[in-house]
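Quick note, the sequences are listed as chains A and B, same order. So for the first sequence, my numbering puts the first residue at 1; every next one is plus one. So for the second sequence, my numbering puts the first residue at 1; every next one is plus one.
To be clear, the hints were calculated from the coordinates, so they are not data collected in a lab. There could be a bad hint or two in this list.
Calculated lysine to aspartate or glutamate pairs in the EDC-like style (CA-CA distance at most 20 Å, straight line) [what the hints assert, rightly or not]: (1) B:K18 to B:D210; (2) B:K18 to B:E28; (3) B:K52 to A:D59; (4) B:K129 to A:D490; (5) A:K33 to A:D59; (6) B:K238 to B:E162.
This is what each chain is made of:
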Amino acid sequence: MKTICALLILLATVGCSRRAGETVRIEGPEQLKGRHVAHMSSDFHKGTLQKLQPDVVFDPYSEYAFAFESLRNGKIDAISIGKTYAEIWTAKFPGEFRVAFDYAGDVCCFLLRKNSSLKARLDAEIRKMNADGTTEAIVRKWVEAAKKGTVPQLPQVEVPANAPEIRLACAAESEPWCFVADGQVAGVDIEILTLAVNRLGARLSPKIYSWGGMVDCVNGGRCEIACGGVYTAGNVFPTVDTSEKYADERMCILVRNEDYGGGGSGVAAFAKSLKASFVRTFVVESRWKMLANGFGITLLITFLSALFGTALAFPVWLARTSRVRLVSSCARVYISILQGTPVLVLLMILFYVVFGKADINGLWVAVIGFGLNLSAYAGEMLRSGIDSVPRGQTEAALALGYTPQRAFLRFVLPQAVRTVLPVYRGELIGLLKMTSIVGYIAICDLTKASDLVRSRTYESFFPIITTAFIYFVASWALAFALERLGRRLDPASGSKRKEGAA
Amino acid sequence: MISVRHLKKGFGGVQVLKDVNVEIGKGEVVSIIGPSGTGKSTFLRCLNRLEKPDSGTILVDGIDVTAPKADLAAVRRRMGMVFQNFNLFGNLNVLDNVKAAQCDILGTPKEVAARKALELLARVGLANKADALPDELSGGQKQRVAIARALAMDPEILLFDEPTSALDPTMVGEVLSVIKDLAKTGMTMLIVTHEMGFAREVSTRVLYMDEGIVYEDGTPDEIFSHPQKPKTIEFVGKVCLKHALDMMRLLREGILSDGRVDEIEAQMLLRLSEPFEHFGDGKLNRIAATLRDMLSDGVITEAESQQIAHILGGL
Ligand SMILES: Nc1ncnc2c1ncn2[C@@H]1O[C@H](COP(=O)(O)OP(=O)(O)OP(=O)(O)O)[C@@H](O)[C@H]1O
Ligand SMILES: [Mg+2]
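Model the full assembly from the supplied sequences, consistent with the hints where possible.
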């Protein structure tokens, strides 16, 4: 689903041409009158900008990569963005963009659980690092590296064997603060926290979540700290505490550079940029490995959930058709609850509530969630399939001396499976695509890997097209495999028929 | 061979079989007739324990089928059953339908079972349909496959529950002729049927079931031509009248009008009056009463009843 949305956004972005009549050069809030400004859901400075220019039009965006694409194509006129990001972008794509003006101040910090005893100790360490210039040096180092496209080494720290663990939830899509390089989390936030936590005598164990997921994580007690380029803007996270700031930040307006001549035109230039995109998306930092791993995880979750859900369908069917009223009512409630709950919500409930305190791998939570969901549908499918086989066939089998169990397995089940297979196949393909939401519970599947890559390359085309293509091929392969199975079960074709003729 | 004593079976308060007692010997071909809903199917299904009797005993070759520890599979293996709705296995082709139980239950090697299945299919005239699917067959063909499937287990007894009721009239004949051939082989058979002509021709004995019991038991001639008890007379009489009516319809539609109308009418009247014979002089009154019944049940129309009455006037 997420991939499809992203693809639609991308198509909309690409399909739009540059706005005509763009003559006024944007220098300050006055020129933003009636202009379209991209605004991230994580950006809390909307109000400030609106006070400066009430007639600005905000276009909501979920990722900078998409906003960036839109700005380039002229779909929007500006992006409201942190100055650190703007600095990196203008350096990465020289001449294409410029900072028009800045309009608000902000600070960078971390998020902690409300009233946690850790806050005072962590704040003290950050203050010390701020005072002796450590944090400033760290920020400079990562920003300069990002501009050049390199990744600095994280400091190696000695951790005592019995050091307590401090769990960190990262939203790792915000270079230079927190991002994934070579399959590892890196960035300013990680370096500062590694040092600070080390000085507190503890061990930092980071895990990648999504932006929303990491806040839930700290709330729900899964993690002690969350980070990922958090600008607090005067504590806009009501449910969590913020740490001492470790850097100052300015919000600014990034626009196209009117003087930019473009990166050349013609087929050669296009081919060159395509090749550059390919290299950035797949080759640099072996990003293909991350995507391949993600795909592996997607397949694994799909496979295990299908297995678990299908196996569970049998008890669900048994309970649903039980002659004990209580049991069948329970089964009915189970089915309608699971069919009526969006899987994402179910996963969140399982991850943050049911298994909130348990140290269970998100992968298993996903398998349980998707499996439960599938079991409700597959159970009903099984019921309708079995009901569609005339009762008389069982009686005929019994009359021949079959046991009820054997008659069921030999005659009823194959026919039931054959009738429900087309629907079941659709359900499994749906499952494969539905797994794209597992990024919310800290699993790096194909979609999440593509998100992470996108956040580094600042472009959406390649990761999204690739992701869509991989999903498509996988769905197609799955459909094909099940089609084969269906044909084997169909007595009207296949070997059985020939055997009979022989 | 089969001995049924005080068999009782009810469904949720309705006593369907009240007290069934009957002895059936080896090689007997027994037709079971009676009005709808009197428990003919239920009786047959009790014999191979597709229904669990409430009480009474059923001995098959001296083995008590109703005993709690009875080996049902063993009993069922020796008692083939043919159903009204054929109930062929939809996931198997014709050959496999006939072969399956031999392999699965008896453990017959595949080739042996296949050979036997083909022989049986040839016997019911369907050797060329071995790899067809049940869905590709006509009703009559399906029923013949079902008979072959039952025969494949080498049963000693065959139970038929209205084997031709679900069939198109054009296909009844082919199935009945297979059953007739079987009857000649000396197989013990119990046939629930509404085909009175067939019952009369094929069976050695007829059971008339009504009121939850075997109401009347006798040879075909006794039951169809000289029934003794009121319900039997009424039932058989109705059947005969119905038969006469069917023939009259055919006459009217010109299907049988080959110049033998008089001959046919005479035959018809003979048949019509047969079951009422032993009422002697009261016969006509009795027939009139039955006609009134049928009229009020909607089985015949006013015009038809007039017509019958008119023909009867000639008696
Ligand atoms: N499984 C069952 N549950 C409840 N009632 C049943 C069941 N099977 C049969 N009956 C009832 O028992 C009675 C006898 O049924 P049965 O099928 O034995 O009659 P039948 O003589 O075979 O009639 P027909 O000539 O219409 O086939 C009917 O009233 C029927 O409704
Ligand atoms: Mg019946």
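The hints, checked one at a time:
A C-alpha spacing of about 10 Å is found between B:K18 and B:D210, which places the hinted pair at or below 20 Å, so the restraint holds. Our distance criterion of 20 Å between C-alpha atoms is broken by B:K18 and B:E28, whose separation comes to about 24 Å. Annotation: proposed proximity of B:K52 to A:D59 is violated, straight-line Cα distance about 73 Å (limit 20 Å). Proximity of B:K129 to A:D490 is assessed by CA-CA distance (about 18 Å); at most 20 Å being required, the pair is judged to hold.
Only pairs whose Cα atoms come within 20 Å are accepted, and A:K33 paired with A:D59 is accepted, the gap being roughly 14 Å. Distance restraint check for B:K238 and B:E162: the Cα-Cα separation of roughly 19 Å lies within the 20 Å cut-off, and the hinted pair is therefore satisfied.
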